[in-house]
Amino acid sequence: MSTIVFLHAHPDDEASGTAGTMRLAVDAGHRVVCVYATNGEHGTVPEDLADGETVVQRRRREAEASNQLLGTARVAWLGYADSGMTGWEQNGHRGSFHTADLDEAAGRLVAILEEEDADVVVGYDWHGGYGHPDHVGVHHVVRRAVELAARRPRHLETTMNRDHMRRLYEQARQAGMISPGEGDDWDPDQPADDGNPMGMPEAELHWHVDVRPVLATKRAALAAHASQEDVGWMLGMPEEQYAMAFGDEWYLEPGRPDGLVSALPF
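Residue numbering for the sequence shown follows my numbering, beginning at 5 and increasing consecutively.
Hints are supplied without guarantee of correctness; some may be wrong.
Stated by the list, open to error - Derived Cβ-Cβ restraints for the label pairs, each shown as a range:
#, residue 1, residue 2, range
1, Glu93, Glu68, 28 to 36 Å
2, Pro50, Met5, 14 to 22 Å
3, Met5, Trp130, 24 to 32 Å
4, Arg98, Asn200, 24 to 32 Å
5, Gly199, Gly96, 40 to 48 Å
6, Glu68, Ala220, 45 to 53 Å
7, Ala179, Trp237, 18 to 26 Å
The hints are simulated quantities; they were obtained by calculation from the structure and are not laboratory data. Idealized CB from N, CA, C, for every residue including glycine.
Required output: the full structure, derived from the provided sequences and hints.
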């Protein structure tokens, strides 16, 4: 059995991105650790914050609840501030993940990898899926941590399958899930937050994980982050549409020969 460390940019990224793989790995007997690069303080400010409660405290509690549902063995934090979206002034704030020294941030992750004697570490693709500064930072920090670790773990990168998104959109349109004219301007090949298309082309991917057997758990983990506005619209999807959108998870494995395999990669 393996110890698998996932580094995510913000609380709730695990729930929308890799939660199914995490739960399946736990069910297969692996030790799963979830690490967050930032506290996610620039997410939605909950209307029901208690007196003295901060956004960071709420987001950390939500992350703990999500990970409890996923069965992860440990939740850890690199301790950086959320950098906000591309171009926000928070990108340059002192203490933000975006301004962090690469070797220092990678060193914080290495400390966790070595404490866990990690066999696998999972980061993000080269542009973090859609260009968010903190997601891009995760990519660079994980790659550097793999280089610095005394025992180099196997390295995977989560991403979105751009071709799959295009197919899903067309299927939804043909099935009448999308009204005529609705979303005509939606195109995964158009520039996302950093000016690049979303995700990666299918030809460059290595692993596909069908997470439908644990989709109810994935959805519950997402619901644990109820304070976040984007979680609301994802949970508002009808079950069939949610399964189409979130029932598959995708990974790159740098250095692996070309070819997409449908299996749990551990």
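Evaluation of the provided hints:
Take Glu93 and Glu68: their Cβ atoms lie about 30 Å apart, and the range 28 to 36 Å holds. The given range of 14 to 22 Å is broken by Pro50 and Met5, whose C-beta atoms sit roughly 38 Å from each other. Taken as a hint, the range 24 to 32 Å holds for the pair Met5 and Trp130, whose Cβ atoms sit roughly 30 Å apart. Between Arg98 and Asn200 the Cβ separation comes to about 28 Å, which falls inside the hinted range of 24 to 32 Å.
For Gly199 paired with Gly96, a C-beta distance near 19 Å fails the hint of 40 to 48 Å. Range check, Glu68 to Ala220: about 20 Å between beta-carbon atoms, so the 45 to 53 Å window is missed. In this structure, Ala179 and Trp237 meet the distance hint of 18 to 26 Å, their C-beta atoms being roughly 20 Å apart.
When held up to the earlier numbered hints, the structure conflicts with 2, 5 and 6 and fits the remainder.
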